[in-house]
Amino acid sequence: DVKVTQSSRYLVKRTGEKVFLECVQDMDHENMFWYRQDPGLGLRLIYFSYDVKMKEKGDIPEGYSVSREKKERFSLILESASTNQTSMYLCASSPNTDSYEQYFGPGTRLTVT
Amino acid sequence: GQSLEQPSEVTAVEGAIVQINCTYQTSGFYGLSWYQQHDGGAPTFLSYNALDGLEETGRFSSFLSRSDSYGYLLLQELQMKDSASYFCAVRDHEGNTPLVFGKGTRLSVIA
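Protein sequence lines correspond, in order, to chains A and B.
The numbering of the first sequence is our numbering, which starts it at 1 and goes up by one.
The numbering of the second sequence is our numbering, which starts it at 1 and goes up by one.
Hint data in this document are derived by calculation from the structure and do not stem from the laboratory.
Do not rely on the hints blindly, as some may be mistaken.
Some chain A residues near chain B, calculated using beta-carbon distances under 8 Å [unchecked claim]:
id	residue
1	Val24
2	Pro61
3	Gly63
Below 30 Å or equal to it, Euclidean Cα-Cα: the simulated DSBU-like pairs (lysine-lysine) are [claimed, not checked]:
id	chain 1	residue 1	chain 2	residue 2
4	A	Lys53	A	Lys18
5	A	Lys13	A	Lys57
6	A	Lys53	A	Lys3
7	A	Lys55	B	Lys81
8	A	Lys18	A	Lys70
9	A	Lys18	A	Lys3
10	A	Lys3	B	Lys81
11	A	Lys57	B	Lys81
12	A	Lys3	A	Lys55
13	B	Lys103	A	Lys3
14	A	Lys70	A	Lys57
15	A	Lys13	B	Lys81
16	A	Lys13	A	Lys71
17	A	Lys53	A	Lys71
18	A	Lys3	A	Lys57
Quick list of simulated restraints, FRET-style, between CB atoms [to be verified]:
id	chain 1	residue 1	chain 2	residue 2	range
19	B	Gly15	A	Arg73	31 to 37 Å
20	B	Ile110	A	Thr97	38 to 44 Å
21	A	Asn84	B	Leu51	37 to 43 Å
22	A	Ser99	B	Glu9	26 to 32 Å
23	B	Glu56	A	Glu56	20 to 26 Å
All C-beta atoms, glycine included, are put in the ideal place defined by N, C-alpha and C.
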């Protein structure tokens, strides 16, 4: 079974802090994604990556950056956390560019106070 | 722009059949997927349609009409455990493009 893990289920940070959210997949998938999920807004794509060291902006990249130094790991960085970044963050992976199935991690619920 | 429209909430009775619709307006179309997400859980893949017609997987079926830019997820013999949010998602380009997700439909199954 594909496993996508995220470093924390719950995280509380203060405004202005630098926040790292880590995601690891164990199935040698090419593609990895970061979404945030808010009530009534569904899943919104922040960034995605199709290969090591490659990244593409999604629909809402402002205030975020990413890093993919190894194939299995995709990190989301909040350079200076703000209260409007309080949300559920979901990481996903898929095998390759022809894949229609994404595998999601359990999510990190981030609260910024 | 791209948009996927699905009802925000649906309520149905245990044992009944429910249909969750999804209409899409995208620049291209390379398939419609459905995902299920229980409260506090991760979305999980349910089904995929690339061609017109009905795909059946147990109690769940998914339908696609590309000419109508429309699809639906059909859940039969509803069980309480089917209470969850359901998302449709479209791939609108070939190659390295992510899925475009709808905002989700919250299904409540009542006794």
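Verification of the supplied hints:
Residue-level restraint check for valine 24 (chain A) is violated (minimum Cβ-Cβ distance to chain B is 14 Å; threshold 8 Å). The interface hint given for proline 61 (chain A) is broken, as the beta carbon of that residue sits about 13 Å from the closest beta carbon of chain B, more than 8 Å. The closest approach between the C-beta of glycine 63 (chain A) and any C-beta of chain B is roughly 19 Å, which is over the 8 Å cut-off, so the hint fails. Taking the CA atoms of lysine 53 (chain A) and lysine 18 (chain A), the gap is near 21 Å; set against the 30 Å cutoff, the hint holds.
Between lysine 13 (chain A) and lysine 57 (chain A) the CA atoms are separated by roughly 24 Å; this keeps the pair inside 30 Å, and the hint holds. Annotation: proposed proximity of lysine 53 (chain A) to lysine 3 (chain A) holds, straight-line Cα distance about 22 Å (limit 30 Å). With a CA separation close to 37 Å, the supplied pair lysine 55 (chain A) and lysine 81 (chain B) exceeds the 30 Å bound. For the suggested pair lysine 18 (chain A) and lysine 70 (chain A), the alpha carbons sit about 21 Å apart, so the restraint of at most 30 Å is met.
For a cut-off of 30 Å, the pair hint linking lysine 18 (chain A) to lysine 3 (chain A) stands: about 27 Å separates their Cα positions. Only pairs whose Cα atoms come within 30 Å are accepted, and lysine 3 (chain A) paired with lysine 81 (chain B) is accepted, the gap being roughly 23 Å. At most 30 Å may separate the alpha-carbon atoms for a hinted pair to count; lysine 57 (chain A) and lysine 81 (chain B) exceed this at roughly 36 Å. Pair hint lysine 3 (chain A) plus lysine 55 (chain A) holds up; C-alpha atoms about 22 Å apart against a cutoff of 30 Å.
Pair hint lysine 103 (chain B) plus lysine 3 (chain A) holds up; C-alpha atoms about 25 Å apart against a cutoff of 30 Å. Simply put, lysine 70 (chain A) and lysine 57 (chain A) have alpha-carbon atoms about 19 Å apart, close enough for the 30 Å limit, and the pair holds. Note on lysine 13 (chain A) and lysine 81 (chain B): the hinted pairing is violated, with a Cα-Cα distance of about 34 Å set against a maximum of 30 Å. A distance of roughly 28 Å separates the Cα atoms of lysine 13 (chain A) and lysine 71 (chain A); the hinted pair therefore holds under the 30 Å criterion.
Taken as a hint, the lysine 53 (chain A) and lysine 71 (chain A) pair is honoured in the structure, with Cα atoms around 9 Å apart against an allowance of 30 Å. Taken as a hint, the lysine 3 (chain A) and lysine 57 (chain A) pair is honoured in the structure, with Cα atoms around 24 Å apart against an allowance of 30 Å. About 45 Å separates the C-beta atoms of glycine 15 (chain B) and arginine 73 (chain A), a value inconsistent with the hinted range of 31 to 37 Å. Here the CB-CB span from isoleucine 110 (chain B) to threonine 97 (chain A) is close to 42 Å, well matched to the stated 38 to 44 Å.
Taken as a hint, the range 37 to 43 Å holds for the pair asparagine 84 (chain A) and leucine 51 (chain B), whose Cβ atoms sit roughly 41 Å apart. Judged by the Cβ atoms, the range 26 to 32 Å given for serine 99 (chain A) and glutamate 9 (chain B) holds: they are separated by roughly 30 Å. Between glutamate 56 (chain B) and glutamate 56 (chain A) the Cβ separation comes to about 35 Å, which falls outside the hinted range of 20 to 26 Å.
Violated hints for the displayed structure, listed by number in ascending order: 1, 2, 3, 7, 11, 15, 19, 23.
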